[in-house]
Amino acid sequence: MSLAISAKGLTRCFGDFIAVDRLDLSIEEKTIFGFLGPNGSGKSTTLRMLTGLLTPSHGDICVLGLDIPKQSEALRLRLGYMTQKFSLYDDLSIEENLKFMAQVFNLPGREVNKRIDAQLTVYGLDQRRKRMAGSLSGGQRQRLALAAATLHEPELLLLDEPTSAVDPENRRDFWETLFDLCDQGATILVSTHYMDEAERCHNLAILEGGIKQADGSPKQLMADMQATVLEVDGTHLRQIREVLTARPEILSAAQQGARLRVLVTNALSNPEEWLKSQWPDAMKDRTIERVRPSLEDVFVHCTGQRRQ
Amino acid sequence: MENVSALRKVTNSLQRIMSILVKELRQLSRDRPTFAMIVIIPLIQLLLFGFAINTDVRELPVSIVDDSRTYYSRALIEALKATQVIRVVRQDATPQEAENALQRGTVRAALLIPSDFNQRLNDGRPPAQWLVDGSDTMISSAILKLQTMPFSAIEGIQSVSPRALFEVVLYYNPEQRSVVNIVPGLVGVILTMTMIMFTSAALVRERERGNLELLIATPVHPMELMIGKIVPYIFVGLIQTGIIISLGHLIFDVPFVGSIVQMLLATMLFISASLTLGLIISTCTETQLQAMQMTVFILLPSILLSGFMFPFEGMPVAAQWLSELLPATHYMRLMRGIVLRGAEIQCMSNNALYLGVFTIAGLMVAAKRFKKSLD
Ligand SMILES: Nc1ncnc2c1ncn2[C@@H]1O[C@H](COP(=O)(O)OP(=O)(O)O)[C@@H](O)[C@H]1O
Ligand SMILES: [Mg+2]
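Line by line, the protein sequences are chains A and B.
Using my numbering, read the first sequence as starting at 246 and increasing by one per residue.
Using my numbering, read the second sequence as starting at 3 and increasing by one per residue.
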C-alpha cells in the first residue's frame, strides 16, 4: 500500500495562536480519509497546508510524491480542491464556470464540451446548465463545485466540509458519488463534523484544538476505545446525570431519549457493579446495560478529556 | 521534441490568459452599474470640465471714472468694450467711489481716465490707470493683458507708433479657448480615474467574494492572471477615449489635427500603465474600500500635478519630479501634442517610452507581489 499523503510534525501558527499542532498523517492511496472535528479544530488550515496554499510553520509534507509547498505548482494539475465556502463565480452560469475551469486546467479543446456534458449528467445539472451559479440551492452548488473539482480527473481530491449546506438526502447521494470516484482510483480527503459521514470513511483522524486526538478506521477506533459504554434507563435521568458526571471515573453522560448513555473509564473491571455500589439508592430498579460504542462515543471520549 | 513542449507551454499559457479574459468580459457585461459608469463618467466629466472650468476670462464687471470726457476717452472705452474682456457696469464720479465699489466686490477693476488724457496720449506718460482686484490672479492677469493693447485700437489714433515691445504670434488655439486644452487632458484624467478604479478592485473583489482560494489552487500563473485581468479594460478605455474626443469635437469644437492611429497608440500605452498601477494597488489592499481610497490618492496628483490644470512649468522643482513619475503627465503631453499640434509620437518618444517601461515594470511588480498563497 503506498501513501498519497504523508505529513510529519505539521504545525501552523497564526501569531501566538497554534491552529494546527504537530500533526502526523498517513493517507493511503485510493481510500477515503476523513477529518472529524468541531469548528475551529484546524481542519481547513490542515487542508490548505496540504494543497500548498498555506506555508506550514513547521513540519514536512509529501503529497503524491511531491515536496509541498516547494513543488505545489506541480501538484495543481493532479489535485482537485473544493473550498469550504463556495468559490466559483456567482455571476457566471453553471456551464460557463465549468468551461472556465476546463480552460484554466488546459483540457484539450476537442474534449472540453464532451467532458463538461458528462460532468453535468453525472452531477444532475444538465437541465440547469444556463442557470447562474449564484441562484443555485446549497445542494446544487455543492454538486457544481464537485463537478468543477473533478473536471480534470485529479488523482487526489481535497473536500473541505462539502456537505455543510446540504440536506440529508443530497448528502447520501453525494457520498455515493465519492465512493464511485474512489473506485475509479481517486484518493479522497474530506473534512466533516457529521458522525455518520465520518463513519463512512475508510480511515479518519479526530482533531480538536489543532491536535490529532485519535486516528484509524472507524471500526478500530471503536474497538480500541479506552472506555465502556453503559445505558441506564428509568426516570429523573437529568438529575442522575449531574450526580454521575461529578465523578472522575465517569467520562461523560448524555441523555438519549429514555436512556442515559454513560462512558465509564476502563480502569474499572466491572462498571455495572461499581455503579450500583456507588449509588445504591439511585440505581435501584434500573437496568444497566453494556452496549457497543459508537463513533460519537469515541469522539466524545477523545475530545472530552481535553475539556476536563 | 523540446520545441514541441515549449510550444505547448506557450499555447497552454495563452489558453489560460484567454479563459481569464473571457471570464472578466462576461462578468463586466453582467455588472450593470459598472457598465453604466464606463459611459456616464466620461460624459458627465466632459460637460462639467468643459463648461465649468473656463480660464477664458470674459465680461469682467468694471467701473469707469472718466475725468477727461473727450472724443478720445470715449473711443478708448469703446475699444475696451470691443475686446469683450470687460463689461462696464457703472460710471463713478471720483476714484474714491470706484475704490469702494472694488472693495464691495461689485466690480473687479476700475479704469481711471485723468483729465489730461489727451496730452498724455502724446507725451509718453501712461495715459490711463487700472485699479485691479488682484485677489484672483486669473482676473488680474486678464486685465494685465490689456496693457499690451496697441494705441491703434483706439479709433482716430493712427499716427502714434505702436508701443508694444513684442509681436506675438499664436500657433494652435489662436482664440485662446481653454476648453481646447482641457478636453485632450481630460481624457487622461478620466482614464486615470476609471482604469485604476476598475483594476484596483479586480483582485480584491475575488478575495472578498471568496473566489481567490480556488483560483490560486489552479495552475494559473500570476502573470497570466494579471494580463487576463487588464486586457478587457484596454477596450473599455478606448471606448471612453472615443466618447470624450468625439463629443469634445462636437460640443466644444475642439480641433483634431493629429492622426487617430497615433492617438490610439498613445492611449493604449497610457491605459496599460494605469491598469498595471491599479493591479499593484489591488495586490496591496485587503478590501474594495481601501482600493478606492488608494485610487483617489493617485487621482488627485494626476489632476493637480500632471499639467492638466496648471502648467508644468509653473510648478516647484519637487512637484515637477513627482509629476514626472505620474503616467498621466506623460500622457497629457502626448495627447495635447497629437490632438492639438498634430505631432507624431516619434517626436515625443521619451513620454511614450516612459509609459511602456512603466507598464512592463508594473506588471512584473504586480505579478511578483501577488503570491499564490493564503499566508
Ligand atoms: N488566517 C488566519 N489568521 C488567524 N487565525 C486563523 C486563520 N485561519 C484560521 N485561523 C484560526 O485557526 C483555527 C482553526 O481554523 P480552521 O482551520 O478554519 O478550523 P476548521 O476548519 O476546523 O473549522 C481557528 O481558531 C481560526 O480562528
Ligand atoms: Mg473549516
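If you're looking for bench data, these hints aren't it; they were derived computationally from the structure.
Quick reminder that beta carbons are idealized off the backbone N, C-alpha and C, glycines included.
One should not assume that every hint holds.
In silico SDA-like links for lysine to any residue, alpha-carbon gap of 20 Å or less [to be verified]:
#: 1; chain 1: B; residue 1: Lys-11; chain 2: A; residue 2: Gln-316
#: 2; chain 1: A; residue 1: Lys-464; chain 2: A; residue 2: Gly-479
#: 3; chain 1: B; residue 1: Lys-374; chain 2: A; residue 2: Cys-307
#: 4; chain 1: B; residue 1: Lys-370; chain 2: B; residue 2: Glu-208
#: 5; chain 1: A; residue 1: Lys-330; chain 2: B; residue 2: Lys-11
#: 6; chain 1: A; residue 1: Lys-464; chain 2: A; residue 2: His-438
#: 7; chain 1: A; residue 1: Lys-344; chain 2: B; residue 2: Val-222
#: 8; chain 1: A; residue 1: Lys-315; chain 2: B; residue 2: Glu-208
#: 9; chain 1: B; residue 1: Lys-11; chain 2: A; residue 2: Arg-355
Interface residues of chain A toward chain B, partial, derived using beta-carbon atoms under 7 Å [as the list claims (entries may be wrong)]:
#: 10; residue: Thr-296
#: 11; residue: Asn-351
#: 12; residue: Arg-355
List in ascending order the numbers of the hints, as given earlier, that are violated by the structure.
-> Going through the list in order, the structure violates hints 2, 5, 8, 12 and respects the others.
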